[in-house]
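A.B. asks: Which chain is which? The protein sequence lines are A and B, in order.
Residue numbering for the first sequence follows the numbering used here, beginning at 1 and increasing consecutively.
Residue numbering for the second sequence follows the numbering used here, beginning at 1 and increasing consecutively.
These aren't lab readings, by the way, just hints derived from the structure by calculation.
We put the beta carbon where it would ideally sit given N, CA and C, even for glycine.
A couple of the hints might just be wrong.
[Said to hold, decoys possible] Facing chain A, a subset of chain B residues (Cβ under 8 Å, in silico):
1) Glu44
2) Leu45
3) Leu105
[Unchecked claim] No farther apart than 25 Å at their CA atoms in a straight line, the calculated lysine-lysine pairs in the BS3-like style are these:
4) A:Lys14 - A:Lys70
5) A:Lys70 - B:Lys104
6) B:Lys16 - A:Lys57
7) A:Lys83 - A:Lys57
8) A:Lys83 - A:Lys70
9) B:Lys104 - A:Lys71
10) A:Lys57 - B:Lys70
11) B:Lys38 - B:Lys70
12) B:Lys3 - B:Lys104
13) A:Lys14 - A:Lys71
14) A:Lys83 - A:Lys14
15) A:Lys71 - A:Lys57
16) B:Lys38 - B:Lys16
17) B:Lys38 - A:Lys9
18) B:Lys16 - B:Lys104
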Amino acid sequence: DGGITQSPKYLFRKEGQNVTLSCEQNLNHDAMYWYRQDPGQGLRLIYYSQIVNDFQKGDIAEGYSVSREKKESFPLTVTSAQKNPTAFYLCASSNRGAGYEQYFGPGTRLTVT
Amino acid sequence: AQKVTQAQTEISVVEKEDVTLDCVYETRDTTYYLFWYKQPPSGELVFLIRRNSFDEQNEISGRYSWNFQKSTSSFNFTITASQVVDSAVYFCALSEGAGGATNKLIFGTGTLLAVQP
Numbered sequence: 001d002g003g004i005t006q007s008p009k010y011l012f013r014k015e016g017q018n019v020t021l022s023c024e025q026n027l028n029h030d031a032m033y034w035y036r037q038d039p040g041q042g043l044r045l046i047y048y049s050q051i052v053n054d055f056q057k058g059d060i061a062e063g064y065s066v067s068r069e070k071k072e073s074f075p076l077t078v079t080s081a082q083k084n085p086t087a088f089y090l091c092a093s094s095n096r097g098a099g100y101e102q103y104f105g106p107g108t109r110l111t112v113t
Numbered sequence: 001a002q003k004v005t006q007a008q009t010e011i012s013v014v015e016k017e018d019v020t021l022d023c024v025y026e027t028r029d030t031t032y033y034l035f036w037y038k039q040p041p042s043g044e045l046v047f048l049i050r051r052n053s054f055d056e057q058n059e060i061s062g063r064y065s066w067n068f069q070k071s072t073s074s075f076n077f078t079i080t081a082s083q084v085v086d087s088a089v090y091f092c093a094l095s096e097g098a099g100g101a102t103n104k105l106i107f108g109t110g111t112l113l114a115v116q117p
């Protein structure tokens, strides 16, 4: 089945540790995105990539890093510099260019204590 | 600046009632796109519809309908004869249009719809 997978569904980490969230898609989409969702809020864009080996910061990139070495994969690292990392993280992909709908993965709920 | 406002934080209806979710947007672009997504309790966002700024024709898909009015910068979503399975958070989103090679989405804060049996 075509789609986006994120793993794991739930992730627990101690404060001060870096953690990497996985996102894989087999939709042959050029563009991929990472969003953060906090309770009662909309989604906020962390990073996005329109093509392999290229990515741009979104609205809340501080404390996060990404890589795009393969078209299918766009992992997100939450670093210890992120002050409030506990949140629900959603990965999405779309065709490249304006106006295409984005398709989302099931999300990873990260809890840092 | 681009902005999406969903003023209704929570709506509760009884099954079979009709319900309208409001969405008001702000943009300086003449070409833009509007979207609705559904987020059930599982968490994954499900794409429902996309509209571009040049197409004001209303759309109906089964029990779902959308009313796009540029004059009031609104893109409202109506569910007819609601069902318990419609219970979810619904997000309206906006993306910039032509000339922008990106597809960044600006989301509203969402409306939680609870349909009671």
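A.B. asks: All hints, please: hold or fail.
C.D. replies: How the hints compare with the structure:
1. Interface hint at Glu44 (chain B): satisfied, since its Cβ lies 5 Å from the closest Cβ of chain A, which is below the 8 Å cut-off.
2. The beta carbon of Leu45 (chain B) comes within 4 Å of a beta carbon in chain A, closer than 8 Å, and the hint placing it at the interface holds.
3. About 6 Å separates the beta-carbon of Leu105 (chain B) from the nearest beta-carbon of chain A, less than 8 Å, and the hint is met.
4. For a cut-off of 25 Å, the pair hint linking Lys14 (chain A) to Lys70 (chain A) is broken: about 29 Å separates their Cα positions.
5. A distance of roughly 21 Å separates the Cα atoms of Lys70 (chain A) and Lys104 (chain B); the hinted pair therefore holds under the 25 Å criterion.
6. For the hint pairing Lys16 (chain B) with Lys57 (chain A), the CA-to-CA distance comes to about 44 Å; that exceeds 25 Å, so the pair is violated.
7. Proposed proximity of Lys83 (chain A) and Lys57 (chain A) is supported: the alpha carbons are some 17 Å apart, at most 25 Å.
8. Between Lys83 (chain A) and Lys70 (chain A) the CA atoms are separated by roughly 29 Å; this puts the pair beyond 25 Å, and the hint is violated.
9. Simply put, Lys104 (chain B) and Lys71 (chain A) have alpha-carbon atoms about 18 Å apart, close enough for the 25 Å limit, and the pair holds.
10. About 31 Å separates the Cα atoms of Lys57 (chain A) and Lys70 (chain B), which puts this hinted pair outside 25 Å; it is violated.
11. As the CA atoms of Lys38 (chain B) and Lys70 (chain B) are separated by approximately 23 Å, the hinted pair is consistent with the 25 Å bound.
12. About 12 Å separates the Cα atoms of Lys3 (chain B) and Lys104 (chain B), which keeps this hinted pair within 25 Å; it holds.
13. Between Lys14 (chain A) and Lys71 (chain A), the direct Cα distance comes to roughly 31 Å. Violation of the 25 Å bound is thereby established for this hinted pair.
14. A distance of roughly 13 Å separates the Cα atoms of Lys83 (chain A) and Lys14 (chain A); the hinted pair therefore holds under the 25 Å criterion.
15. Only pairs whose Cα atoms come within 25 Å are accepted, and Lys71 (chain A) paired with Lys57 (chain A) is accepted, the gap being roughly 18 Å.
16. For the hint linking Lys38 (chain B) to Lys16 (chain B), the alpha-carbon distance of about 19 Å falls within 25 Å, and the restraint holds.
17. At roughly 19 Å between alpha-carbon atoms, Lys38 (chain B) and Lys9 (chain A) fall within 25 Å of each other, so this suggested pair holds.
18. Simply put, Lys16 (chain B) and Lys104 (chain B) have alpha-carbon atoms about 36 Å apart, too far for the 25 Å limit, and the pair is violated.
Hints 4, 6, 8, 10, 13 and 18 from the earlier list are contradicted by this structure; the remaining hints agree with it.
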